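Whole structure, please, built from the sequences with the hints as guidance.
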Amino acid sequence: MNSHEQPVLFSVDLSGCTAIPVLAPETVRATFVAALESAGATVVEAVSHHFPGTGLTCVLILAESHAILHTWPETGTVNIDIFSCSARLQSRAAIAELARAFGAVDVSVQEIARADGHPPSSDRRP
Numbered sequence: 350m351n352s353h354e355q356p357v358l359f360s361v362d363l364s365g366c367t368a369i370p371v372l373a374p375e376t377v378r379a380t381f382v383a384a385l386e387s388a389g390a391t392v393v394e395a396v397s398h399h400f401p402g403t404g405l406t407c408v409l410i411l412a413e414s415h416a417i418l419h420t421w422p423e424t425g426t427v428n429i430d431i432f433s434c435s436a437r438l439q440s441r442a443a444i445a446e447l448a449r450a451f452g453a454v455d456v457s458v459q460e461i462a463r464a465d466g467h468p469p470s471s472d473r474r475p
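Its first residue numbered 350, the sequence shown is counted upward by one per residue in the numbering used here.
Hints were generated in silico from the structure; no laboratory data involved. Since the model is a prediction, treat every value here as computed from it, not as a measurement. We put the CB at the ideal spot given by N, CA and C, even for glycine. Treat the hints with caution; some may be incorrect.
[Said to hold, decoys possible] Quick list of the computed label-pair ranges, beta carbon to beta carbon:
(1) 400 to 468: 40 to 48 Å
(2) 402 to 464: 34 to 42 Å
(3) 399 to 465: 30 to 38 Å
(4) 465 to 371: 36 to 44 Å
(5) 370 to 467: 41 to 49 Å
(6) 397 to 452: 30 to 38 Å
(7) 424 to 392: 40 to 48 Å
Structural data, given as structure tokens:
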């Protein structure tokens, strides 16, 4: 992670996802990985767990930090968190791609600046 970038967490709720109830868990996972990679992420490891008859949780360890996805097929809901310390990762592009791929009717995004223990960039010395 680049310590000179302000860490940011994107907390995303996708609702009305028409594709989620019909997609196989492996397809959801592959779509999640592909969206993050196309947005500039380097996926170090992907771990997922399918809850039989219900949803999927997928955790991506990224060189830039991490991303997590939870699906609720019974309600057509997907929750996503993308945490990164790198401006190279275009999180909003990944979110837009996932919303499109999952057929989301509504997209709610919260962008939360996170502390990394460094002083604000204007106070940093070269």
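Structure-inconsistent hints, enumerated in ascending order: As far as the earlier hints go, 6 and 7 are violated by this structure, in ascending order.
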